[in-house]
Amino acid sequence: MIHGIVPPYLLARIAELDDERFATAAQAARRALRFDEPRRAARLNFSLDASNNLVVELTDGPNRTIADAHNTETLPGAVVREEGDDPTGDVAADEAYDGLGATFALFSEVYGRNSIDGAGLPLDATVHYGVEYDNAFWDGERMVFGDGDGEIFGRFTASLTVIGHELTHGVTQYTAALEYQGQSGALNESVSDVFGSLVEQHSLGQSTKEASWLIGAGLFTDQVEGSALRSMKAPGTAYDDDVLGKDPQPAHVSDYVETDEDNGGVHINSGIPNRAFYLVADTLGGNAWERAGQIWYDTLGLDLAPGTTFTQFAAATVRAASTRYGEASAEVDAVRTGWSTVGVETGDDDGPRA
Amino acid sequence: MTDHEPDHGKTSGDYTISVVRTGGFAGLRREWRVTSTDAREVDWAGLIDACPWNNSATTRDGRSADRFVWRIEAKTGARTRTATLGDGEVTGAWKSLVDAVRARPGD
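Chains A and B are the protein sequences, given in the same order.
For what it's worth, the working numbering labels the leading residue of the first sequence as 1, then goes sequentially.
For what it's worth, the working numbering labels the leading residue of the second sequence as 1001, then goes sequentially.
Since the hints were derived computationally from the structure, they do not count as laboratory data.
Treat the hints loosely; a few may be bogus.
Okay, the calculated beta carbon distance ranges per label pair [unchecked claim]: (1) B:1037 - A:245: 22 to 32 angstroms; (2) B:1075 - A:243: 21 to 31 angstroms; (3) B:1055 - A:243: 27 to 37 angstroms; (4) A:347 - B:1043: 51 to 61 angstroms.
So these bits of chain A aren't anywhere near chain B, every CB distance computed over 10 angstroms [claimed, not checked]: (5) 46; (6) 57; (7) 134; (8) 173; (9) 205; (10) 229; (11) 237; (12) 263; (13) 267; (14) 285; (15) 326.
A virtual CB, placed ideally from N, CA and C, is assigned to each residue, including glycine.
Can you build the whole structure from these sequences, using the hints too?
Written as C-alpha cells, this is what we have:
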C-alpha cells in the first residue's frame, strides 16, 4: 500500500485526470474537493485488491505549516516547511513537522478526529522562538517552541510528548474548554499530558507496560539530575536537582498544592489526574490509547463546564466509560478504581453543563 | 494590561527587586533577585519608575496555555510594589527591568 499526503493543489490535479486507469482516484479527489474546507488536505491510500484492481481510499490528512521566528519573539515567523515539502535540514523544524503529523495520526486514526477542531484546521507551529527561550506553548492558534538555554533545557521539539501536549491544548480549546486556572486548569494540563504521552506510545507502538509515562524526556541537558519534567506513573519523581529542586507534583489529592503561582499550580496538581489515567490504563492493559484513551477522549465531548473540578471530571469519565462499554464493565471498574486510588470521588455529580 | 503610563512616585534609597517566573510547559519556579548593594552602576531607580505598576493586573486571553507567569516585586524602604504579568505582557519597561535583574552575576 502506498501512503501519500495530498495537498489541495495536487488533489485538484488528480481530480482533472481524464484517464480510465485513474478514474477511481480522480473521483475520490473530486469528492474530497467538493466537501473540503479551504486549505484542507487529504490522504489517499492506494492498494490492489485480490483481483488486482486499484483501490483508492480517501482519509483525512494533516495540513502542516512550520515557521521560523529566527530567535525573535515575533509570530508567526517565516514559513520554512509546508505540507508535503521535503525536510528542511533544520532539526527543530523537522521535528515539529513530524511531531504534528504523529499527533494528527493519533487523533485521526484512533478517535476519528480531523485535526484540532475536528474539521481539518491547519496545524501551524513556530520554532526558534526567542533567545535561549526555555518554553513551548500554545497561543490559541499555534504551537510555539523555544530552543532552550543550553544549560538546563535543550530544544523543546526534542520530545514528541511536548508536541502532542501543545496540540492537545488546541483540542481542549475546541471541546471541553477547561478554564486555565486551579483544578480545571490542572485538568486542562493533565489532558495535554495524557494525549501527549499517548501520541508517543502510539507512534512507537508501545503497550501500557512498555511505555515510559514520562513527559518531556530528553529536554533536560546532561547537567540536570532528572529524566523528564513529569512522570504520570509516579508524579513527584521525574527530577531531583540541586538547582531546580525536586519535582513538586502530588500523586494524591490529599497533597493538592494551593498556590497563587502558575495559574493556581496547573502544572503541579496535574499530577493527580495524570496518575489516575495511568492507573486506569495499567489496569486495562494493552494499548493505552485504545480503551483508557478512548474514555478520556469521549469525556472531552461531554459538555463539561469551564470550571470543572477533579470530582466532576472523574464522574464524567465514569459516564463516558458507561456509555461506551456499559455500566457493568471492566472499563468502568478501572476508572472508578483509578480515581479512588488518587483520592478523587466518582459519585454521580459531574457538575453543571457548559 | 493595557496602560503603560509610568508610576509617578519616584524611587530612592535602598531597594530589593525580585523576579519570580512560574508556569511554562515545565512548570518550574525560577527566582532572580538583586539588591542595591549588588550593582550600583545600573540605574535601578530609573528602571523601576519606568514601569506601569498601577496598571499591572494580568489579562489572560483565555485560550493560551503553558505561558510563563511573572511576579515582579520592588521594595524601596517601606514601600513595596508588585506586579503579576503574563508572558506576553513582559515588554517595554517591564522587559528592561526583568532582563536587568536576570542578568546579575550568579543568577
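- Query: Which of the stated hints cannot be reconciled with the structure, identified by number in ascending sequence?
  - Reply: 7, 8, 10, 12 and 13
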